[in-house]
Amino acid sequence: MNIRDIAIALPAQRLDNKTIARWTDGDEDFIKNKIGVESRAFLREDESMIDLSLQACEKLFEQNRDLARDQIGLLIVVTQNPAYKIPHSSAILQNKLELSVNTACFDINLGCSGYVYALSVARALMLAEKIEEAVVVTCDPYSKIMGKADYETCSVFGDAATATRLSASRGAVIGRMDCGTDGAGAHHLMAKAGGSVTPHTGIWHANQAAAEQDDYHVQMNGRAIFNFMMKRVPSSVEACLQENGLSLDNIDYFFFHQASRYLIENLRDKMNLPPDKVPIEMENTGNTVSSSIPILIHNFMLSGLMQNKICLICGFGVGLSWATNIIFFGGKYDTAGSN
Amino acid sequence: MTQQEAINSITLALRKVLKRDGFEISIDTDLSDKKILDSLDRIVFLMELSELTGKEFSEDVDLVKIGLFKVANLADYLTGARDINQFFPNV
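Sequence order for the protein chains is A and B.
So the first sequence is numbered by our numbering: it starts at 20 and just counts up by one.
So the second sequence is numbered by our numbering: it starts at 8 and just counts up by one.
Since the hints were derived computationally from the structure, they do not count as laboratory data.
Treat the numbers as computed from the prediction; the structure is a model and nothing was measured.
Even glycine gets a Cβ: it sits at the ideal position worked out from N, Cα and C.
Each hint should be verified, as a subset may be incorrect.
Here are the simulated DSS-like pairs of lysine-lysine, each with C-alpha atoms no more than 25 Å apart in a straight line [stated by the list, open to error]:
1. B:K23 x A:K51
2. B:K72 x A:K53
3. A:K53 x B:K23
4. B:K72 x A:K289
5. A:K250 x B:K41
6. B:K26 x A:K51
With beta-carbon atoms standing in for the labels, derived distance ranges [claimed, not checked]:
7. A:G349 x B:E31: 32 to 42 Å
8. B:S57 x A:Q90: 45 to 55 Å
9. B:R27 x A:P293: 19 to 29 Å
10. B:S65 x A:T200: 44 to 54 Å
11. B:R27 x A:E47: 17 to 27 Å
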């Protein structure tokens, strides 16, 4: 099961660091030089993740004229900020995209590790059910759950959507995944209210005072996330390489989740990886959660940099969860009918 | 660990994070207030210090708020003279 193509969509509304600094009483230079973000795009109040996901999918169909909508056997949406609490966003998207009613649709509730997980889930289901074509969508608009005055999150995150075409017959080959979870750290990146612990409403909560507004906002303990990443990512990379029979030297690019420039630079230095193999591209997007890895891959594919390349992808964050995999790209790795 | 050894470790960790010499600290320096370390540098500084000394820093406590980035307080914590819960918010 292989990656054929990726399309991305960013909201039209862009916000510069000056605006974020004004909202949060933050430091413009710090956001640009340390976090690595110059501007980011946020959905407008009247736009939803469905609108943005739809844009990414329509672009994917434009880019892939050979792909008919009724060929799609599987649609996976990776999000923790769905359009509705019920139903799953992939069902809404299936209808809007006019996909076949026989399309298997479900959402994956994961954050920054979600794309890596989704590729493996799609791969397994395509193999098991003999599905020829699948689409994996990522869209996790944090603008909908961030507090406007929260420097820790507003300075880092941006909204985006991506759509990845997976084909059984050809494309970049997905390897074997290493993954894990440390739920003991779940509270370090959390939006507390709105679930069944602190519901908006319900039989027993109809007359209850609303939760504190801050509890509906995502809150992040940056130091805990940093420590988690520095501890888990190097060992996951090592395990993934071993699982795929590779060594660090075999990898052309390390596509790490674009959490922040500072974070990736420290990870890169700790792992003694050459800077030219560890791209950092988030100046115009910010940290786009599960979309950051497919955006990177898309940009490299577009620049023609992926021919005969072996890439490692690694997502980490909410959960605390992590996942690492290998993608064999183009040319000699594009083995039609493999897997 | 003596206070001097603690200060030596603090200096070494600072050098690793800032990737330069030429900063001056004394027992009274507050690494956060004096803007020697910004919020991201503080994270890496604590990681380096932890590796150098074997001391863990709680992730559930706001260490700036309790004044842990004052060199005297940090040295107290590293030498074991005071535990985290013996620091009080800087108000």
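Hints versus structure:
1. Taking the CA atoms of K23 of chain B and K51 of chain A, the gap is near 22 Å; set against the 25 Å cutoff, the hint holds.
2. Taking the CA atoms of K72 of chain B and K53 of chain A, the gap is near 22 Å; set against the 25 Å cutoff, the hint holds.
3. Pair hint K53 of chain A plus K23 of chain B holds up; C-alpha atoms about 17 Å apart against a cutoff of 25 Å.
4. For a cut-off of 25 Å, the pair hint linking K72 of chain B to K289 of chain A is broken: about 29 Å separates their Cα positions.
5. Of the supplied pair hints, the one linking K250 of chain A and K41 of chain B is violated, its CA atoms being roughly 30 Å apart against a limit of 25 Å.
6. A distance of roughly 20 Å separates the Cα atoms of K26 of chain B and K51 of chain A; the hinted pair therefore holds under the 25 Å criterion.
7. Taken as a hint, the range 32 to 42 Å is violated for the pair G349 of chain A and E31 of chain B, whose Cβ atoms sit roughly 54 Å apart.
8. Between S57 of chain B and Q90 of chain A the Cβ separation comes to about 53 Å, which falls inside the hinted range of 45 to 55 Å.
9. The hint said 19 to 29 Å for the Cβ distance between R27 of chain B and P293 of chain A, and at roughly 23 Å that hint holds.
10. Here the CB-CB span from S65 of chain B to T200 of chain A is close to 22 Å, at odds with the stated 44 to 54 Å.
11. Separated by about 23 Å at the C-beta atoms, R27 of chain B and E47 of chain A satisfy the suggested range of 17 to 27 Å.
In this structure, the earlier hints numbered 4, 5, 7, 10 are contradicted, and the remaining ones agree with it.
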